[in-house]
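Student: For reference, the chains in residue letters:
Number of protein chains: 2
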Amino acid sequence: MKHTVQFLPDKRTITVDHGENLLAAAAKAGVYIHAFCGGDGVCGKCKVQLLEGELEAGNSAALTGEEINQSIHLACISSIVSDSTIQIPEIVQSDGRALKSKPKTTRSLSAESLEILVGEWQIAPPVRKLFLKLPPPTLDDNISDMQRLFREIKKHLPDNPEPDYDHPELIRELPFILREADWEVTLILLHGKGEEEPDRIIAVEPGDTTDQLYGLAIDLGTTTICGVLLDLNSGEVVEEGSGYNSQIGYGEDVISRIVYSQRSGGLRILQEKVVYTINTIIEDICKKIIINPSDISYIMAAGNTVMSHLLLGIDPKYIREAPYVPSVNQFPLTKAADLGIMAHPSVRLFLYPCVASYVGGDIVAGVHSCQMHKSDAITLFIDIGTNGEIVVGNKDWMVCAACSAGPAFEGGGIKFGMRASSGAIENFHIHGETFDPMIVTIGATKPRGICGSGLISIVPELLDAGIINQRGKFVRDHNHPRIRKGTDGWEYVIAWSHDSLIGEDIVITEIDLDNLIRAKGAMFAGYQTLLTSVGLSFDDLDRIILAGNFGAHIDLERAISIGLLPDIDRNNFFYLGNASMLGCQISLTDHRRFRERAEVRTLMTNLELSDNIDFMNHYMAALFLPHTDLDLFPNVGRGNE
Amino acid sequence: MKHTVQFLPDKRTITVDHGENLLAAAAKAGVYIHAFCGGDGVCGKCKVQLLEGELEAGNSAALTGEEINQSIHLACISSIVSDSTIQIPEIVQSDGRALKSKPKTTRSLSAESLEILVGEWQIAPPVRKLFLKLPPPTLDDNISDMQRLFREIKKHLPDNPEPDYDHPELIRELPFILREADWEVTLILLHGKGEEEPDRIIAVEPGDTTDQLYGLAIDLGTTTICGVLLDLNSGEVVEEGSGYNSQIGYGEDVISRIVYSQRSGGLRILQEKVVYTINTIIEDICKKIIINPSDISYIMAAGNTVMSHLLLGIDPKYIREAPYVPSVNQFPLTKAADLGIMAHPSVRLFLYPCVASYVGGDIVAGVHSCQMHKSDAITLFIDIGTNGEIVVGNKDWMVCAACSAGPAFEGGGIKFGMRASSGAIENFHIHGETFDPMIVTIGATKPRGICGSGLISIVPELLDAGIINQRGKFVRDHNHPRIRKGTDGWEYVIAWSHDSLIGEDIVITEIDLDNLIRAKGAMFAGYQTLLTSVGLSFDDLDRIILAGNFGAHIDLERAISIGLLPDIDRNNFFYLGNASMLGCQISLTDHRRFRERAEVRTLMTNLELSDNIDFMNHYMAALFLPHTDLDLFPNVGRGNE
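For the protein sequence lines, the chains are A and B, in the order given.
Residue 1 in the UniProt record's numbering sits at position 1 of the first sequence, with consecutive numbering throughout.
Residue 201 in the UniProt record's numbering sits at position 201 of the second sequence, with consecutive numbering throughout.
Here are the simulated BS3-like pairs of lysine-lysine, each with C-alpha atoms no more than 30 angstroms apart in a straight line:
(1) Lys335/A x Lys317/B
(2) Lys155/B x Lys193/B
(3) Lys335/B x Lys154/A
(4) Lys129/B x Lys335/B
(5) Lys317/A x Lys133/B
(6) Lys335/A x Lys288/A
(7) Lys133/A x Lys317/B
(8) Lys102/B x Lys45/B
(9) Lys155/A x Lys129/A
(10) Lys193/A x Lys374/A
(11) Lys154/A x Lys395/B
(12) Lys335/A x Lys154/B
(13) Lys288/B x Lys129/B
(14) Lys129/B x Lys335/A
(15) Lys317/A x Lys154/B
(16) Lys395/A x Lys154/B
(17) Lys155/B x Lys193/A
(18) Lys317/A x Lys335/B
(19) Lys45/B x Lys100/B
(20) Lys100/B x Lys2/B
(21) Lys155/A x Lys133/A
(22) Lys193/B x Lys129/A
(23) Lys154/A x Lys317/B
(24) Lys287/A x Lys273/A
It should be emphasised that the hints constitute simulated quantities derived from the structure, not laboratory data.
The whole structure should be built from the sequences, with the hints applied where relevant.
Tutor: Following this line, the structure appears as structure tokens:
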């Protein structure tokens, strides 16, 4: 259910989901409310008045009985449960002057775009089950058990070529399964690679188990591994699970993992760790819905090139050394159990192919999921993470690159940076006159740090308020307690220690700003270099698709205003979410869509940016907010200069 | 080199190989010579006179100086080295009467028929090598190592589909092999199943190793396992080796092996034993020509259904129980190393498909080798061994059966039966008047026992001489020291203890004769049942092909005269030798011929004889020498009745 909320006096309206936090809704609407502590109902600053509609509010000692009678609420602990009108109180200075914060333009990306991008798919998974009742052998009909099985399959699938089987255990078990099950068995059949290729029998189960057919999609992240269990009979998600990649103890990023893999036994340890994490997820999921791990009939996974190498136990050594060559980009269909994964011995694990050392299977899965390979539209596909992978192209051609953007958007290299979890500042406004912050945190708790979308809120707000300049340097002549010189140079205090969960001041420093500018500069230089390489410019782009968790909460206007995204028609931006996982889910559900992944990979040509002069030039020019070439950002205000 | 030898006074001539033993040659020519001891130059009975030509003779104290001057030689220690004329002395009885033995009609099968049967084949093995020099990677060309390899393959094999690879070790090793070998490597490529299917890369070796390409053919016998190493570049046999199947300690025949396999751990032990034997053969062969077992790039094997199951570790339990169902008849292409065979981890072992529990891959390989599946000629293919497998058909249809003939032709169930090895009586004549034997043994030593071809010589000779009747019973009224009642009933003394190597009388008993008659009766009933099942008779047969070691030395006339083989035009008999091994060798050399094996197997329909009324009737009628229905043997003399 959706509700429309109007904020007075500015008459800004926003439509939000039922139960949305009022403070977060105001922030999204671009409305400033005093909110220093992120929302714990403690500081009592974020008082608003409910004029129409209804709010579900938590208790707080910060409100007097009179305030409650006047329908005054604390925004941070209020949930929107109907269409409402909310009055934001004016801030009155000691000199009696009312300070009114100017509302900001914000724009979030709609999740409704998903269906348009990914299209329809059938429930026709790469594995399927077939129940058979075999006639028992007689002296007149004593063909081998396997032939008896094949003959019966042929009756049910007359147009299929004779199936194949490759698992020696199957031959060994078959006679006993058949006789114990009184000649009534269920086959698990794996689709052949092409329509012409025979199916493969990967398992035979006693009795009729056709109603139990599960597949697991795995997003194999450097930091987090997610699993989604699909019922392949209905195509529906039945359970999800995730966990930190246990390799983290051996290095935070792919480079440190490669370094560790070069130590004696290191490769084996890293493989064991990722397998351990996958097994933990499988166990968790299976426990929740009370199935056995061996009931999973197919595993579809995607990860970056290093993660893919490590999962398969392939040495990633040369990925790190120029000229950055992976051992292999197309991985064979592996038996999951051979890797140590808790699975039936015959179950296959498919790992999406990679394109290059730093454009991995996660990107291929993402591009695959949104069908760039079938569209005329010239698309810029962006996955912002540690690396920042980008793809430009359409159904006829694609170029791609990794930008080495660095981990700023994941909280890396930022003094109080953190991942998008509870306590992370994810939205932020600043009062144009008082320079006081409005902090919205994940989980509506006191703030613990700043996540990527928080960073993309903070920087343009500081720029807009004139606290920093377009080079990301603090304007030295403000005399305000929140703007100060700290141990790491100039900084802005986002939350005082008493308003923070960590008991110290949460600040953003000039070094943080520098890292952010380098990161967004690398991304932008990447877009330009790829486009130039194919003789195109931003004007030629029909659409931009953002993938990755990062894109979920960012404010499009702000991201453009700092030059992280190009300044094109906002209606041409789409948000895809965890596209890597999406690709795996689609492939797991529809084997015809699955087959198309080969096409995607073949279309994609990697451009190596690490030694590219063009890229370096674009990068230097992009180290500015939003850019040294302001003609590239016609719709972005000129800031405070 | 061949020589023609004429024996006087009967003017019988025979053409033999250079170096052939004179006694053996005489026996083949149907000429009787006194020879009680099989040939050791000791008894001095086998004196002959050289009239023309030359003989290479061993020394013997049995000849006087005068005899030597008269060119008298002992046949048993003389070798034929030129065209010769030999005078056989008359035997003069005490009453002065000269006893002249009637020459016998004999006919051996020509090995020259081989080429006609097996046809030509190309040197185009299922594996091949390809040497590649790869351009090292650069920043502008940093595709994965595997893609680099594929790209180079494509340049050399433009018409081939992109090759595939499936061995995870290859992905893991490739980056290091490429760099250590300075980007010059040799691939081992496995042909795809069909022309359309991609080749598979099964190994990459540093440097140029194209001149080393070996394949091993294995005949997987219940008793003996043979290996033939082929140079797959030239198609030539470079080495051979063989050994007793180490499973023998756990049972002499397939049934006792199945029984053992049902004991705890029995299956595993039997698999280990056969693998041990194969490894011993591989080691022996490799030592002889100084190569490494890992230099063998393909292993092609054929064995009966039980041996095939045991090699792959598949439980043969249900083969023994009615309705006699094997687990599987078409075996997957297995990695030899997975079975414990000393081989490169990627090397494939192909095992010929079986047709039924008792018509195995050895028979399919045999039929495959002689191209029955391409010929219009209606052929009876016979492999006489423990089981006696027979196939009738041509390119359009084939029926086959196993006859349960029993092991008589391999020496089993015969009191002094033995396998065809040194000291085995392999040819035999009897003097029609004196009833004295002429014994030819393998290795020209004193006799140790009787092998299959010896048995097929002895029985018709006894029948011809009137010593036994057509039911295989001794004619009781002969008064001769060699015909007597022994511990096992009536018997004929073939060699007195002083003429034998084992220090006791070697005899053939009525029980032996009964076993032989049952064995040949089962074979003959098998031919008839198969022919009847497709509405044919012996008259419709265009040819008969004998396979197996057994056929090598048998006398066709005699085999027909006892009803082991049908009485058709002798020119339509062909001898194929170890057809199972031949099939493996052809398949190993020519992958197009190899592909045809699927056709062969599909054509063959098994007829189960164990419960077949028709078969039982034919069998009962065949328990007679040659047969109760003498119309089936128009060209065989009516014996002594």
